[in-house]
Each structure stands twice: as C-alpha cells, then as structure tokens.
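> Each chain, written out:
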Amino acid sequence: MIEISNLTKYYGDLCALDQISLTIEKGNILGLLGPNGAGKTTALRILTGYLSATEGTVTAKGLSVEKDTLEIKKLMGYLPESAPLYQNMLVFDYLNYVADIRGLGTEQKGERIRELSRICGLDEVMHRSIHELSKGYKQRVGLAHAMMSDPEILVLDEPTSGLDPNQIVEIRDIIKEIGKEKTVILSTHILSEVEATCDRVVIINQGKIVADGSTQELKKSSTSEYSLNLVLQGAEEREVREKLAAVGGVTGVEKTAADDGAPIFTLKCDTYRDIRGEIYRAVKQTDWVLLEYKQEAKSLEKIFRELTKEN
Amino acid sequence: MTAAGNLLSIFKREFKVYFISPIAYIVIAIFLILTGWFFFSTFFLYNQAEMRDFFSLLPLIFSFIVPTVTMRLFSEEFTVGSYEILVTLPVTFRDIILGKFLAAVAFVAIMLLPTLSYTISVAFLGELDWGPVIGGYIGAVLLGASFSAVGVFASSLTKNQIIAFIVGMIICMTLTLIDKLLFFLPESLLGFLQYSGAGYHFQNVARGILDSRDLLYFASLIFIALFGAHLIIMERR
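Those sequence lines, one after another, are chains A and B.
Residue numbers are given in the numbering used here: position 260 of the first sequence equals residue 326, and the series is strictly consecutive.
Residue numbers are given in the numbering used here: position 72 of the second sequence equals residue 59, and the series is strictly consecutive.
Treat the hints with care, as some may be off.
[Said to hold, decoys possible] Once the Cα atoms are required to be at most 25 Å apart in a straight line, the calculated DSS-like pairs of lysine-lysine come out as: (1) A:LYS175 <-> B:LYS(-1); (2) B:LYS146 <-> A:LYS201; (3) B:LYS(-1) <-> A:LYS140.
No lab work stands behind these hints: they were computed from the structure.
Based on the provided sequences and hints, a complete structural model is requested.
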C-alpha cells in the first residue's frame, strides 16, 4: 500500500530522517513511536506531501508523493500535530469548507458532517468559533476534518493529545474500527496507546528506525530480563530459594519485605519462557500460602527506553 | 471536485474571513476617511466637477491600504499552522494562490464601492465627464489587483504579518513613485522607469483611454507577482 524507501531529510545541516525504508500494508494500524525530535512528524509530513524529501521516495498505491501529489492527497486524510485549524471559523463552516474541497456533493455533505459530528462528539460545539474551543474539542474537529472523505489512508500526528480519558478510549475505538479496512498511520509517545491500538510499531530514534514489529514481537525480541513478585505466607527464604530456583528459567531469587510485613520473593527470569504453571506446581507441593502473584509487565516502555537511550 | 471548485472554495473562505474579523471594517473606514478628506478638502477650491484628484491620489493610498488587506493571506496561516492543513488537502498551489489573490481583489472592489457616492455627489454638483470616471474605476480595480498580487507575494515570504505589510508597501510605493523619485536621471532611462511604474499606467487608464499596453502592464505585474509567490511556496517544501 505505502512504500517508503531510503527516505532522508535534512533541515540545513540537521539530519531529521536518515535512510528510512518501510512498507505499510493495507488495513494495518501502524504506530510511529519515538522520543521528541526523533523525526516522527517530519516523516508524516513527507508522507502527506507537505514537505519534500531530500532523498528517497514515497509511493502509495503506486502513486508517487512527489509527482502525483494531488492524487495522493485525495487518498489521504491528515491531522497535523495539535490540530492547527482556522481560528476564526465556526466548526460547522469549517467542516463544510473541508467537505467542499474534498468534493462531497451537497446532499452527501450534510449527511457526512452529521455522521462525523456524532462519531467525534461535536454536536454541542457545531456553531461555536474554533478559537473558543478547548484543546480536546479542537482535536476532535481535526479528526473529523481528517476523516471527512473517508480516506483510504489516515495519517494522524498525536491524535489523542489533549483529550480526556473517556475521549481517548472513544478515539482509539474509532481508529481501530477504521483500521479494519483502511490504513492508519499514527504517531504518538503514549506507549499504552500503541499497545491498545496498533498492529505494528515502528520506533524511530534520531532519524533511524530502531525497531519494527508487532508489540508482541518487540517484547519477545527484547533482551531484557523480567521479574516475578510472589507473596508467600509461611515460607522460609532458604526453602523458597531451593524450590523455585529449580524451576527452569529462574535465574535468581531475592527476598524483600512488603509494607504489611509479608515477605515478597522476587524471582529474576530470563526472557523467553512462560513459567507460570511450573511456579504454581512448585508452590502447590509445599504448605506455603500464595497471597499474591505479580508478573512485572515486560513493558513496551522498557523496550522503548532501551532502544532510544541517549548514548 | 473540479479544480475550479477548489479555487472557488478557497476564494469563498478567504473572502468570508475578511468580514468575520473587524479588520475589514477598520481598513475600509480608514480608506474612506483618507480618500474623502484628500478629495473634498481641495475639491471646492477648484470649482470643477471632476474626480481627477480622487484618482490621482489613489495609487499612493492603495500602496499602503492594499498591503494591509493582503498581509494576512499567507503569513497568518504560517503562524497558526493551518497552512499545513491547507497544503495537505487535495488542492494545487495554483488554486491556493489564485483563491487568496481573488479574495483580496474582491475585497478591494468592495472597498471602492462606497466611493461611488463621491461620484454621485459630484454629478449632482456639476456636469461630470463620465469617461475618465469609468476609466478611473477600471484603473482602480486593475491597480488594486496588481497591488494585491504584490501583497500576496509579500505575504508568502514571511510568517510575520508586519514584515509582510512593510515589504508589500515598499514594493507598491516604489511602483507608484519610481518615475517621480528618479526625475534627475537622463531622459532615456527615465522613459523606461516611467514605463515600469504602476502610477504612470494607472493615470493613462484613468484618463479614460484603455490602451492594450497598459492592460498588458497590469496583467504582467499580476502574473510576475503571483508566479513569484508560487516559487516561494514551492521552495518552502
């Protein structure tokens, strides 16, 4: 669907993107992750034809962004970062204007605006001036703007920034719904968002792709260890060490005390195996009482930090 | 939608926006006060029913009124960031520039409308020669359009509206006054400079003579300025 090859962008001497290549399939939700200044926004801007690349090509459905700009723009809906909309227009007038440019017919237009207003929750603000709106509402208007023509490719730069938690969930649901048939590319630095919505994650750091895959794949490939916390009543440290260190995959056992005095045993584990069953069976053989079992989520956050650390 | 449809959408939006903010009304008021004052303060001294004074002052007044109209066209969008949205909608740069340009021209035309009351007043006071008046208004629209094109160009240069205004004003002033400022140059050179000045061509049209050379001059000026804006905007990418 979208083919990005050797994309490089320089701002003067500053290299914002360095030889990025990426193929995005139809019906995928791709999350672009990266620290501030990693080149996420630049990549999206080139993809949507706002900026031109210093080197490299971008094609979508066989059309080149550089040459068939107008056709590409018809395929795409784009929400730039922080939704920079025309300040002094009414929401309705603005959506109407976008619908006109998107080439919606008079009847279709009214229907589509009503539909988007319902989806994005804009009914109350339809006749208010955009500069009066809160950030969240502006973001919603921006989303409605991007979705106006029901585009095949939806490009969203930090779509949920400034929204309240309820709205974030709603918008994610919308994005997931759209992602079933369309291609969605979104950038964010909210990691839980990527886990919740994206089929595929691309992590960029300093203009380069440092990781690419589903969140599951990323977690698997990560070399970091993880740990299990067990609260065991009536267990001796020595015994625990003996029994549980024997479980394959456990590389170390440590005892700490919890707030209420109950002993917590922290098991260090290596990456690949699922040892929950074995731990359970090992505990069952003794007369310890297992009060708590907590697997420290081998979070995307950790992977992200590892990959994007300043070195 | 067709390209013409997009052009029309942009034009309509820009034109509407002028009248949403109070700036439009302020600019029109200032324009009318200036022209009214300069025109009528000497009108009765000459005791002649003609509009010549009004039209002879127009290039100078337009030189700084028109850039106030055009300064926001691109600069404001650069500042707000809405330019990114505009450019990523399926519109061509040509439509964007022409749409904004035509909105400014329409605004200048609206601004000229109330001055028709001067004409009507004068027509009541004496025998008015309509030729120069009609020529004057045609010239005024052509001049307004040319200065609007210059203003669009100036606005495409910067995200600072004040700078856009000053650059636009300097170019328009230069076009208006170039032959008057450089009177000390040799005759042959002066002829060329005079020909390159907007003031000279405007006065020709305002005499009621529609010469293709003058029309060609204005058309070229509009084309060059808009083409310049197009180049600048392409370069921004």
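> Going back to the hint list, which numbers does this structure go against?
Failing hints: none at all.
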